[in-house]
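What follows is each chain in one-letter form.
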Amino acid sequence: MQAWLEWARGPAFVFSFVFLLLGLLRHVALTAWEVAHVWRRAGDKKLPLGKLLRTTFLWLLPLTRLRNRFWFGLTSFVFHIAILVVPVFLAGHVALWARGLGLSWPAVPNAVADVLTLVAVVTAVLLLAQRVFSRATRSLSRFQDYALLPLIAVPFATGFLMMHPGSNPFDYQATFFVHVMSANLIFVLTPLTKLSHMVLMPSTQLVAELAWHWPVDSGSAVGRALGKEGDPV
Amino acid sequence: MAQPSGKYSYYVESRAGDVSDRPRKFLEAFAAVLEHSSYGIALDAYARVGAKCSRCAASCQLYEATGDPEDIPCLRSELLLRVYRRYFTYGGMLRARLFADFSLTDEYLDRMGEQFYRCTACRRCKLTCPFGVDHGLVTHLARYLLAEVGVIPKALVVSVREQLSGVGNTSAIPPAALRDTCEFLQDELKETYGVDVKFPIDVEGAEHVFFPAVSDYLLEPDTLMGNAAVMHVTGGSWTIGTGNFDGINYGLFYSDRMMERICKRVGAEVRRLKGRKVLVGECGHATRSAWLLPNFLGADAPPVVAFLQYTYRALAAGKLPLKREKIPERLTYHDPCNLARAGKITEEPREILKAISADFVEMTPNRTENYCCGGGGGTVSIDEIRAFRTKKMGKRKADQIRATGAKLVVAPCANCKKQLKEVCEDNGLEDVRIVGLHDLVLKCIDFGSTGGRHAE
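Protein chains in written order, with the working numbering: chain A, 24 to 256; chain B, 95 to 550.
FYI, nobody ran anything at the bench for these hints, they're computed from the structure.
Remember, predicted model here, so these are calculated numbers, not experimental data.
Built from N, CA and C at the ideal position, the CB exists for glycine as well.
There could be a bad hint or two in this list.
Stated by the list, open to error - Computed, partial: chain B to chain A, Cβ under 7 Å:
no.: 1; residue: Ser131
no.: 2; residue: Ala141
no.: 3; residue: Val143
no.: 4; residue: Lys146
no.: 5; residue: Ala152
no.: 6; residue: Ser153
no.: 7; residue: Ile166
no.: 8; residue: Leu258
no.: 9; residue: Glu354
no.: 10; residue: Lys358
no.: 11; residue: Val399
As the list claims (entries may be wrong) - Computed far set for chain A versus chain B, every beta-carbon distance over 12 Å:
no.: 12; residue: Leu48
no.: 13; residue: Phe95
no.: 14; residue: Tyr195
Required output: the full structure, derived from the provided sequences and hints.
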């Protein structure tokens with residue numbers, strides 16, 4: 024078990040984390056390239072930048088956007104806070120970051136991390152329940168929409184058990200292994216699934232606006248490409 | 095001229111049934127559009143980020159009325175995104191090699207043809223989507239591609255044909271009839287208000303060239319008289335061009351190729367008359383297509399002024415003389431999606447209404463969040479789907495109007511007006527009247543003893 028754990032924390036972690044970073048970087052680079060490409064060709068170069076920035080910011084902190092489907096929106100918001108804060112600001116993790124990167128930052132008290140960890144697990148379950156029991160959401164859901172929520176809950180549940188060894192019915196090292204490997208799996212899946220929204224989200228409002236800015240003569244260019252220039256209406 | 099095999103709930107021309115090998119042609123059109131337009135950037139993002147949260151379902155008036163999952167905006171957009179992923183992304187192509195994956199069929203195109211005309215592209219759902227996915231854009235693009243394989247509601251294509259290769263406008267009004275109509279409206283204004291308001295025709299060098307929904311000349315004379323009266327009292331420089339006097343652009347509803355040709359005719363008429371600005375009448379989609387002019391004409395596109403903006407500026411500058419008495423009846427205001435959804439024109443009409451109405455009440459929700467009249471995206475022209483438009487799509491609108499208790503609904507849009515009249519008729523609101531904003535402005539203008547400022 025010890026060897027497996029070392030492998031999970033060592034090469035497997037390094038591979039997953041690098042895969043995550045490069046994968047997300049690819050999304051960002053592609054988006055930036057596309058934005059530049061569309062902008063360069065656009066006939067109309069006026070963009071409502073102030074409005075785009077405001078909308079982007081409001082959705083990054085969506086507390087003002089809860090009116091439509093209040094409880095679902097609130098659950099989702101709390102879920103995101105919990106899963107972002109704990110991995111980065113847990114004291115144990117800060118120590119690991121410091122060891123690996125040589126960078127350090129303040130940690131949240133363990134009691135707060137405990138609460139947030141439980142919140143992450145509970146909200147993941149609630150969101151899954153919403154997905155299963157709401158007819159509208161169910162009809163939209165793909166495999167990944169169901170599978171990612173319990174997967175994300177695993178490192179939090181196992182992390183909680185590791186912090187409270189007294190109440191952990193499982194072997195500590197096995198728990199540790201599952202904790203690390205589930206996190207590694209999430210890292211690998213992030214660039215490949217909808218989780219990529221963690222880097223794409225800030226660009227979506229701009230992208231939606233830019234898509235309406237076409238090159239001059241885009242309609243006739245399409246007509247020419249299809250050999251339909253002379254066709255009657 | 096009936097539909098080919100009853101595939102769609104709207105009529106398509108019989109020649110559309112002759113298009114063979116539709117899936118291949120659809121994909122060819124898709125490839126050409128992706129190359130020459132900018133839709134790819136949106137599809138690429140939407141194909142990756144979609145969280146499938148279904149918040150859009152709670153904001154769609156159609157899904158609220160039908161409860162049919164097929165009517166959820168995100169699910170409808172998925173119809174096109176699926177084709178995009180399968181044929182235009184590496185992942186999709188790889189999947190198709192490895193597994194017996196989805197492939198585009200005739201039946202699938204039929205389903206798209208039906209579904210994308212059940213959406214009015216009102217874009218209300220965009221406001222509630224955490225990723226700002228513009229389902230209206232997806233509907234717009236899907237209809238464009240469907241048009242390339244002949245799937246176009248007959249009601250839309252006959253209008254565009256008349257405009258581009260017929261008389262020159264969607265209502266087939268010859269220039270001589272336009273002159274007659276304008277003279278008649280001038281006489282009417284003289285008779286009712288005792289003022290010599292002019293409808294200037296083909297005046298070179300005017301600041302504004304006027305493009306109303308051409309149907310106003312047939313159906314909404316009060317709106318046009320209100321427009322002319324405002325120009326009269328403010329001393330505005332404007333003209334109507336006999337070369338093109340139609341602001342309607344149904345290309346917006348089914349084909350960018352057509353939209354481009356119609357927009358270029360607008361640009362050409364402004365140039366011919368040596369005008370400086372495009373002045374759009376009370377019409378939502380005409381205003382939005384005019385705002386898209388720079389897409390087709392580049393940096394040379396003339397600036398666009400919506401009539402509501404013109405009148406509001408005159409009011410704010412104290413140049414709009416109004417009578418002391420205001421309209422006593424309770425009235426409410428309907429925000430046309432194409433004016434209000436993006437937040438472009440919401441306050442101007444309200445300021446005007448506050449100046450002329452003694453009892454103005456808001457619908458809830460309003461402004462950017464207002465519900466579509468139910469006839470957006472050109473569907474108002476499709477008479478054969480009236481029951482769908484008024485009972486399902488327009489149900490929320492009827493409820494909204496009923497809740498205000500107003501018997502007068504102001505809608506500065508030719509399409510919204512037609513649809514709202516039908517919504518009221520079909521939902522037990524027969525006593526509600528639908529009017530344009532300038533119809534009311536006309537009644538409140540103080541022409542004074544000398545016939546208004548311009549005549550002084």
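Worksheet entry | Assertion that Tyr195/A lies farther than 12 Å from chain B (Cβ) | Non-interface label on Tyr195/A holds, nearest chain B Cβ at 35 Å vs cutoff 12 Å.
Worksheet item: Was the hint right that Ser153/B lines chain A, CB cutoff 7 Å?
Response: This hint holds: Ser153/B lies near chain A, its Cβ roughly 6 Å from the closest one there, short of 7 Å.
Discussion item. Tell me if the interface restraint on Ile166/B is satisfied: Cβ within less than 7 Å of some Cβ in chain A.
Written reply: At 6 Å from the nearest chain A Cβ, Ile166/B passes the 7 Å test, so the hint holds.
Discussion item. Restraint: Ala141/B near chain A, CB-CB cut 7 Å. Satisfied or not?
Written reply: violated (10 Å)
Practice prompt. Tell me if Lys358/B is really an interface residue toward chain A, meaning its C-beta lies closer than 7 Å to one of theirs.
Written response: violated (9 Å)
Practice prompt. Please verify that hint: Ala152/B, Cβ, nearest Cβ of chain A, below 7 Å or not.
Written response: Because about 5 Å separates Ala152/B from the closest Cβ in chain A, which is inside the 7 Å limit, the hint holds.
Worksheet item: Was Leu48/A rightly flagged as not at the interface, with every chain B Cβ beyond 12 Å?
Response: holds (15 Å)
Fill in: Restraint outcome when Lys146/B is required to lie within 7 Å of chain A by C-beta distance
OK, holds: Lys146/B within 7 Å of chain A, min 4 Å.
Worksheet item: Holds or violated: is there a CB of chain A closer than 7 Å to the CB of Leu258/B?
Response: At 5 Å from the nearest chain A Cβ, Leu258/B passes the 7 Å test, so the hint holds.
Practice prompt. Say whether it holds or is violated: Phe95/A keeps its Cβ farther than 12 Å from all Cβ of chain B.
Written response: The claim breaks: Phe95/A does not keep its Cβ more than 12 Å from every Cβ of chain B (closest is about 7 Å).
Worksheet entry | Minimum beta-carbon distance criterion (7 Å), Glu354/B to chain A | holds (3 Å)
Fill in: Hint check: 7 Å Cβ-Cβ cutoff, Val143/B to chain A
holds (4 Å)
Hint check: violations occur at hints 2, 10, 11 and 13; the rest are consistent with the structure.
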